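Q: Chain by chain, the residues:
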Amino acid sequence: MASPFVSVSGLRFAWPGAPIPTLEIDAFEIFPGERVFLRGPSGSGKSTLLGLIAGVLEPQAGRIEVAGQDLLSLSSARRDMLRADRLGIIFQLFNLVPYLSVIENVALPLRFSKKRRDRVSGSVEIEAKRLLAALGLDDSSLLQRQVIDLSVGQQQRVAAARALIGSPDLIIADEPTSALDTLRRDQFIELLSVEASKTDAALLFVSHDPALAGHFQRAIDLSDINRAQPIEAA
Amino acid sequence: MGIAIIGLAWRSLMNRKGSALLTILAVALSVALFLGVEKARQGAKEGFSSTISNTDLIVGARSGQINLLLYSVFRMGDATAEVSWPTYTWLDGRDDVAWTVPLSLGDSHRGFRVLGTNLAYFDRYQYAGGQTLRFAEGERFDDLFDAVIGADVARDLGYSLETPLILTHGLGRVGLQQHDNRPFRVSGVLAPTGTPVDRTIHVSLEAITAIHVGWETGTRNPMADTISEDTIRGFDLTPKTVTAVLVGLESRPSILRTKRSIDTYRGEALMAILPGVALTQLWQVTGVAERALLAVSLFVVAVGLVSILTSILTSLNARRREMSILRAIGARPGHIFVLLVAESALLGFIGALVGAVIVNGVLAAIGPFLESRYGVSLIGTGPGLLDLTTVGAVTLAALAVGLLPAWLAFRRSLSDGLSVKL
Chain P
1 MASPFVSVSG LRFAWPGAPI PTLEIDAFEI FPGERVFLRG PSGSGKSTLL GLIAGVLEPQ
61 AGRIEVAGQD LLSLSSARRD MLRADRLGII FQLFNLVPYL SVIENVALPL RFSKKRRDRV
121 SGSVEIEAKR LLAALGLDDS SLLQRQVIDL SVGQQQRVAA ARALIGSPDL IIADEPTSAL
181 DTLRRDQFIE LLSVEASKTD AALLFVSHDP ALAGHFQRAI DLSDINRAQP IEAA
Chain H
1 MGIAIIGLAW RSLMNRKGSA LLTILAVALS VALFLGVEKA RQGAKEGFSS TISNTDLIVG
61 ARSGQINLLL YSVFRMGDAT AEVSWPTYTW LDGRDDVAWT VPLSLGDSHR GFRVLGTNLA
121 YFDRYQYAGG QTLRFAEGER FDDLFDAVIG ADVARDLGYS LETPLILTHG LGRVGLQQHD
181 NRPFRVSGVL APTGTPVDRT IHVSLEAITA IHVGWETGTR NPMADTISED TIRGFDLTPK
241 TVTAVLVGLE SRPSILRTKR SIDTYRGEAL MAILPGVALT QLWQVTGVAE RALLAVSLFV
301 VAVGLVSILT SILTSLNARR REMSILRAIG ARPGHIFVLL VAESALLGFI GALVGAVIVN
361 GVLAAIGPFL ESRYGVSLIG TGPGLLDLTT VGAVTLAALA VGLLPAWLAF RRSLSDGLSV
421 KL
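Same order as they appear, the protein sequences are chains P and H. Be aware that the first sequence starts at 1, since it is given in my numbering, and climbs by one per residue. Be aware that the second sequence starts at 1, since it is given in my numbering, and climbs by one per residue.
Everything labelled a hint here was simulated from the structure, so no lab data went into it. Just so you know, these numbers come straight off a predicted model, no measurement behind them. Any given hint might turn out to be false.
Okay, the calculated bits of chain P under chain H, using three or more residues with CB under 8 angstroms as the criterion [as the list claims (entries may be wrong)]: (1) 74 to 85; (2) 96 to 102.
Have a look at the derived ranges for each label pair, beta carbon to beta carbon [what the hints assert, rightly or not]: (3) P/Q146 with H/T314: 20 to 30 angstroms; (4) P/A179 with H/L298: 51 to 61 angstroms; (5) H/R411 with P/S140: 19 to 29 angstroms; (6) H/R11 with P/G10: 41 to 51 angstroms.
We put the CB at the ideal spot given by N, CA and C, even for glycine.
Using the sequences and the hints, build the whole thing.
A: As structure tokens, this is what we get:
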């Protein structure tokens with residue numbers, strides 16, 4: 001098998017001022033094109049782990065490699081570049097920049113990454129529309145609307161299109177379905193998985209809901225790999 | 001970075017149109033006030049220094065430089081002493097003197113000063129860099145009892161050609177001592193100049209002498225009325241004194257030598273001043289108020305800049321999520337920093353631009369009116385370097401002000417990571 005795209009080893013992270021570490025992970029890997037489900041209750045440190053992989057947080061100890069590069073040895077600017085070029089991120093809620101149009105929101109990552117812009121052959125707008133259509137948003141009147149006027153489900157699909165544009169190597173999704181009903185939730189995960197696999201992007205999907213595990217090749221419980229036992233948040 | 005981020009800053013501002021417009025308005029008004037004050041100041045200074053031009057020296061009895069300038073040019077205050085007629089003829093006859101215009105002051109008409117002079121005045125008195133007096137109607141005084149009135153006099157008193165007027169002895173608005181036995185008539189009305197000429201009634205030197213026949217003691221001799229006009233016309237009306245003399249020289253380079261020679265004249269205590277130097281000195285005296293005004297308007301601009309700071313700082317919390325989305329998508333902290341600085345600079349730039357447009361629009365609208373009614377020329381106050389540098393300076397200042405919220409957002413975008421939950 002190929003070398004992992006993300007490789008975490010000997011990781012220890014504590015929030016400043018916290019008496020005990022939030023995360024202590026001996027080993028965690030994501031391989032190229034792999035679809036991984038990471039389960040854990042609220043406050044278990046899932047988002048913290050995502051922040052560490054995305055390179056916006058720095059661990060106190062351990063090693064995090066993304067695309068073969070040791071994040072800790074990179075300057076923060078280089079880590080930001082790496083994230084812009086290689087990762088697509090979807091949040092739980094409030095994903096979109098309210099003052100940009102639907103198309104502009106989808107195309108936004110290309111403003112920050114020349115590599116991803118170069119991977120889009122042809123017009124950015126056409127690619128954005130193609131992704132939106134593939135995710136079930138092909139109604140042209142929708143595209144004219146203010147993003148805050150879209151439903152939560154529609155917003156999440158726009159956010160997914162934005163994460164997918166320019167073919168990043170890893171899509172990180174942080175509880176993106178928590179505001180959707182079961183049917184829409186399953187649809188969303190299916191569409192996201194299909195689009196990710198088209199460009200061989202790996203998918204790291206994080207949720208507290210174990211029922212979603214069936215959609216993925218591999219499911220991991222954070223409590224199984226995390227030796228630290230953070231205090232459960234409400 | 002660059003264009004992509006400024007574009008984002010612009011879209012972000014448009015998303016908050018209401019507060020952005022208010023902020024722009026605050027900046028625009030403050031810049032308009034500043035530019036208005038500054039242009040009025042420049043205009044006033046220019047108008048002031050162009051009150052008299054192409055006169056090399058002003059000669060009067062020895063007193064203070066500013067005092068002589070005030071009463072001879074601005075018709076303010078009084079001469080402490082007069083210049084005798086023989087001294088005037090000595091001055092006029094000097095080889096280095098090209099021309100002289102005698103000025104005789106002391107009477108008034110309903111609050112406006114009366115100036116006795118000769119016909120050379122209408123050619124030699126120049127203002128605003130060499131403009132000569134123009135007549136709106138009528139012509140120079142010809143008869144002994146003709147008067148030429150300035151534009152303000154005509155407008156304020158409603159006088160026109162042939163209007164009779166009676167001079168007052170001294171300067172009281174309603175003096176008891178009227179020269180009512182010697183009425184004048186208006187022979188000419190001057191066009192507005194924006195100088196004290198507008199508020200002056202011009203008569204001949206001889207007329208000044210004539211109306212004072214019988215007043216040799218300083219008050220009206222009861223016998224004065226018995227002297228008929230024809231008798232007076234037969235008199236030798238050469239004045240005994242004049243108040244001041246405008247002097248033009250044959251050659252400019254000798255100006256200081258001529259001045260010294262007049263200052264040290266043995267026959268009489270005289271003083272010669274250079275109008276330009278005296279005007280500058282007088283402007284410095286009045287300059288304190290003008291600088292205070294400038295300081296106040298600068299503070300108002302500072303208030304405008306603070307309103308930019310306030311609007312961005314208050315928006316910062318509400319936009320925390322927006323910043324972390326941008327960060328997650330790949331914006332570096334530097335992008336966030338530039339985004340906020342660009343936003344502040346945009347507010348400052350647009351505000352200053354609108355302010356400059358307001359001021360220049362108003363000036364262009366009221367300029368012709370001021371020019372025709374008051375003779376105030378707004379040339380040099382149109383759009384120019386001042387507007388350009390002001391817009392540039394305000395934009396730079398706004399950019400500097402934007403550094404604070406930008407730094408705060410920068411710091412926070414580092415510590416927030418990806419996990420802001422609002």
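Q: Next, verify each hint and record whether it holds.
A: Against the structure, the hints come out as follows:
1. 74 to 85: holds (count 7)
2. 96 to 102: holds (count 5)
3. P/Q146 with H/T314: 20 to 30 angstroms: About 22 angstroms separates the Cβ atoms of P/Q146 and H/T314, which means 20 to 30 angstroms holds.
4. P/A179 with H/L298: 51 to 61 angstroms: Given a distance of about 52 angstroms, which is inside 51 to 61 angstroms, the answer is holds.
5. H/R411 with P/S140: 19 to 29 angstroms: violated (42 angstroms)
6. H/R11 with P/G10: 41 to 51 angstroms: At roughly 44 angstroms between Cβ atoms, P/G10 and H/R11 fall inside 41 to 51 angstroms, so the hint holds.
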